[in-house]
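S.K.: If you're matching them up, the sequences are chains A and B in order.
For what it's worth, the numbering used here labels the leading residue of the first sequence as 1, then goes sequentially.
For what it's worth, the numbering used here labels the leading residue of the second sequence as 1, then goes sequentially.
Among the clues, some could well be false.
[Stated by the list, open to error] Keeping only pairs whose Cα atoms sit at most 20 Å apart, straight-line, the calculated DMTMM-like set for lysine to aspartate or glutamate is:
1. 106(A) / 36(A)
2. 44(B) / 61(A)
3. 6(B) / 36(A)
4. 62(B) / 76(A)
5. 106(A) / 12(A)
Quick caveat, the hints were computed from the structure, so don't treat them as lab data.
Since the structure is predicted, the reported quantities are computational estimates derived from the model, not experimental observations.
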Amino acid sequence: MIIQDSNHIKIEKKELKDTIERLFEAVIIEEKALAEILETKARSIEKFIGEDMYKGFSPTDFEILNFSQSLKITIDQILFKEWLLLRNIETIILLKNQLKEKDQAKEQSD
Amino acid sequence: MEKQTKNLSSVLTGLQVATNHCSMSVHQLLNNLSQRNSDNGFNKKGAQYLIETLDSLQEIRKLALRKKNYNFISLNDEPSQIDWDKLFENIHSQIEIKDITPKNIKTISLSKGASNYGSFLTRDIPTLEIRLVLPPPPWLSSKVTGN
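Full structure from sequences and hints, please.
M.R.: Here it is in structure tokens:
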């Protein structure tokens with residue numbers, strides 16, 4: 001990275017490529033983790049209901065309320081996280097376009 | 001980059017599968033809740049939370065689909081014609097456009113008319129005019145005299 005003045009920061013092509021790859025990797029890891037959490041939540045609901053849907057279902061009303069509330073909070077948090085990851089992917093696309101522009105500018109100068 | 005794009009796509013597929021699994025479990029829980037004899041505030045509130053959870057799961061599914069579509073357009077250097085067709089196929093299979101007319105609600109499934117995408121973009125959308133009659137604001141009421 002070369003700092004020209006306080007407002008303009010010139011980023012080298014290699015650094016940009018590196019940033020894109022790292023950001024992409026981070027998005028993949030986070031998506032994988034969120035999928036795991038969702039899968040675990042699905043299993044925990046199954047466990048809560050019990051293997052036999054009708055015989056095994058014996059929690060109290062208050063327990064059901066608490067469980068539903070905590071489930072909603074977790075799923076909402078995952079939703080927020082998914083939105084943030086969408087923004088990250090948009091940033092990757094933006095950086096990728098910058099990289100393309102750099103390549104095109106270089107080709108023209110050559 | 002191409003390899004990472006494929007990885008992201010497969011991870012997103014995994015996320016969609018997990019979301020579906022979660023939705024199914026929530027549906028089961030809702031079913032069980034509706035079969036319980038006690039009909040009190042606790043159960044109603046619990047059912048409300050579960051319905052909201054289903055909405056959030058639906059949003060997660062939509063976001064995953066949107067991310068997959070981004071993959072096709074911008075992350076591959078030169079998307080092929082097959083990629084583009086696949087992209088619209090995805091959109092058409094997921095979205096239903098509702099044309100609202102004053103008399104009835106007509107639902108057009110885009111997957112049937114997907115080949116005619118141009119006419120879809122330029123079509124006339126019937127508009128529904130809604131006129132609201134609001135009560136007069138309290139400060140205009142004759143009962144309010146002020147000091």
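S.K.: Does the alpha-carbon distance linking residue 106(A) and residue 36(A) stay inside the 20 Å limit?
M.R.: violated, 43 Å
S.K.: Has the given pair, residue 44(B) with residue 61(A), been kept, meaning a C-alpha gap of at most 20 Å?
M.R.: Holds, at about 10 Å.
S.K.: Could you grab the alpha-carbon distance between residue 106(A) and residue 12(A) and see if it respects the 20 Å cut-off?
M.R.: The given pair, whose Cα atoms are some 13 Å apart, holds under the 20 Å limit.
S.K.: Keeping to a limit of 20 Å between CA atoms, is the pair of residue 6(B) and residue 36(A) held or broken?
M.R.: Given that 20 Å is the threshold and the Cα spacing comes to 19 Å, the pair holds.
S.K.: Can you confirm whether the C-alpha distance between residue 62(B) and residue 76(A) stays at or below 20 Å?
M.R.: Distance of about 14 Å is within 20 Å: holds.
Hint check: a violation occurs at hint 1 only; the rest are consistent with the structure.
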